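Given chain E, work out where chain G should sit, using these hints.
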Amino acid sequence: MTASLTVDRLTYRYSDVVALNEISLRLDTPGIHGLLGRNGSGKTTLMSLASGLRRPTAGQIRLNGQPIFENYAATTEICIIRESGDTTAEWSESIEDGLAFARDMRPYWDEAYARKLLDRFELSPRRSVAQLSRGQRAKFACLLGLAARAPLTMFDESYLGMDAPTRYDFYDALLEDYMAHPRLVLVSSHHIEEIARLFEEVIIIDDGKLLLHESAEALRGRGMTVTGPATAVDSVAAGSTILSERSLGSTKSVAIYDAPATLAEQARAAGLETSLLPIQDIFVHLTAKRGKH
Amino acid sequence: MTSTTPPAAMRREPLFPRRLFTEQAIFAVMIWAGYSLFVFVLTFAVSLFRPITVSGWDLAGQPAVWFAFAIGCYLGWSVLQLYVTHGGTRRGFLIRSVSFMLAYGLLLTLLFMVTYWPEAGLYALAGWPHQPDDDGLYTSLRDLPMLFLQWLLVFELWAIGGLFVSVAWYRGAVFGALSILFGLVVISVSSFTTREDIGPMGWVGRLLPGQTGPLPAAIAHVVMFVLLAALTWLIVRNISIRGKSVEPT
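Line order of the protein sequences matches chains E and G. Residues 4 to 296 (our numbering) make up the first sequence, in order. Residues 1009 to 1257 (our numbering) make up the second sequence, in order.
Selected chain G positions facing chain E (Cβ under 7 Å, derived; list incomplete):
| id | residue |
| --- | --- |
| 1 | Thr1013 |
| 2 | Ala1016 |
| 3 | Arg1019 |
| 4 | Glu1021 |
| 5 | Arg1027 |
| 6 | Gln1089 |
| 7 | Thr1093 |
| 8 | His1094 |
| 9 | Gly1095 |
| 10 | Thr1097 |
| 11 | Asn1246 |
| 12 | Ser1248 |
| 13 | Ile1249 |
| 14 | Gly1251 |
From the derived model, a few chain G residues whose C-beta atoms are all more than 12 Å from chain E:
| id | residue |
| --- | --- |
| 15 | Ser1055 |
| 16 | Pro1137 |
| 17 | Gln1139 |
| 18 | Tyr1146 |
| 19 | Ser1199 |
Have a look at the derived ranges for each label pair, beta carbon to beta carbon:
| id | chain 1 | residue 1 | chain 2 | residue 2 | range |
| --- | --- | --- | --- | --- | --- |
| 20 | G | Arg1027 | E | Pro168 | 34 to 42 Å |
| 21 | G | Leu1050 | E | Asp107 | 35 to 43 Å |
| 22 | G | Gly1042 | E | Gly43 | 46 to 54 Å |
Since the hints were derived computationally from the structure, they do not count as laboratory data. As the structure is a computational prediction, the values presented were derived from the model and not from experiment. For glycine and all other residues, C-beta sits at the position ideal for the given N, C-alpha and C.
Extracted from the complex, chain E is given alone in its bound form (with noise of 0.2 Å):
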């Protein structure tokens, strides 16, 4: 049975500052979905109070229908990976150690794959998790997490300190994973650029609010870049939403946000060149329009 995930006007507040403002959405597809928001927008606090590592203000967050906070049959179903390795004792602990307190924990618990990830991450089992670099210490968290093999997985920002190769080895493992056990995995990152692929649905919040919830295909297609002569390109996208302009010469290029079905034919007809803006730039514009730079 996949996990769901279901959010209902969700709040949480640190003293007076509010963190997540009523938010609600439901995730219940398998897949790979990416969380995304600026600093401080309510990432970590979202994927918190789904893991039951901090009790909502307000409104409920659910899995399976239950609530999460103090319910073993809930938290022993997830999973969270945090950028700080929480995973892990540090300075008393060595890997062997944090694998068997994994194997305890972890009801779906896959012993040979984490093995394999040993090899395919290149840590010994015998190293201090103490004497770990911290691109190695987020390999060893990530292995916890997918060895982990829980219903519900949360990555957040678990790979940062990870070089590109160690990133991208780790994305592929998570596929493969993925596509092996399929399961509904939530990765907060802020190397979009390099994880969007992966995505099945986008999540962006800003400010503690829900932006956007929709699947990672839409999303790209909401996006488009209209390149060619200054004149041709604004008469086309009249009345878009224009996300950003440049202009070199008489050549212009727009970013137009939600725009019409036919918009595409128009540009075509008009000879000018046409492409999906990417999720990241999608991102930059809706989180940047709000005036936060």
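Just chain G, lined up with the frame of chain E:
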């Protein structure tokens, strides 16, 4: 889901942390071996300068109870976060911690008591009197039931005290500071019920019925243990598990 994975609704949180206990028991035995050797060597060194009149191991009890306190702190500061992040509940953490403390306090008591025997042999060889350092529940080191009772009560209380203080600090600095004050009162009550000299916190003694002895000590320690466990639960029941990087409380 593998064929051996029980359905979520059927899962029960284990009541006793077997792996943690095994690891910490091995650690305690290693520390005990090193510490007892150190105390024996130190006693011999002291004997070169002054006569030995009391048991060195009996004097060594205070650092030993701090060890129990430190283990309690380890649970509250490190294991809590690890346990909840890996899918455990705060309620399960407290139950496991209390069961751990009960077993671990017993282990420390046995390790502590067993050391009196080799020490007694050494003292007999050297011709030194093998006497307790201070009047507690026992007046002789051969009074095994009272030795057992006093050290069991003290180790249990200090271990749960470490847990209480550490979760209070994890929750926030104000809770942490208050826990230290409360901890001093608890230690004073403990001292008062086992021996009359309780040092600078003597005012606590004036608030208590003026009785020492095994029964008042046992009752007072059990009450304080339960009180500390209850206060720990009040602190931990809705505690936020922060990331190790900067994250608001």
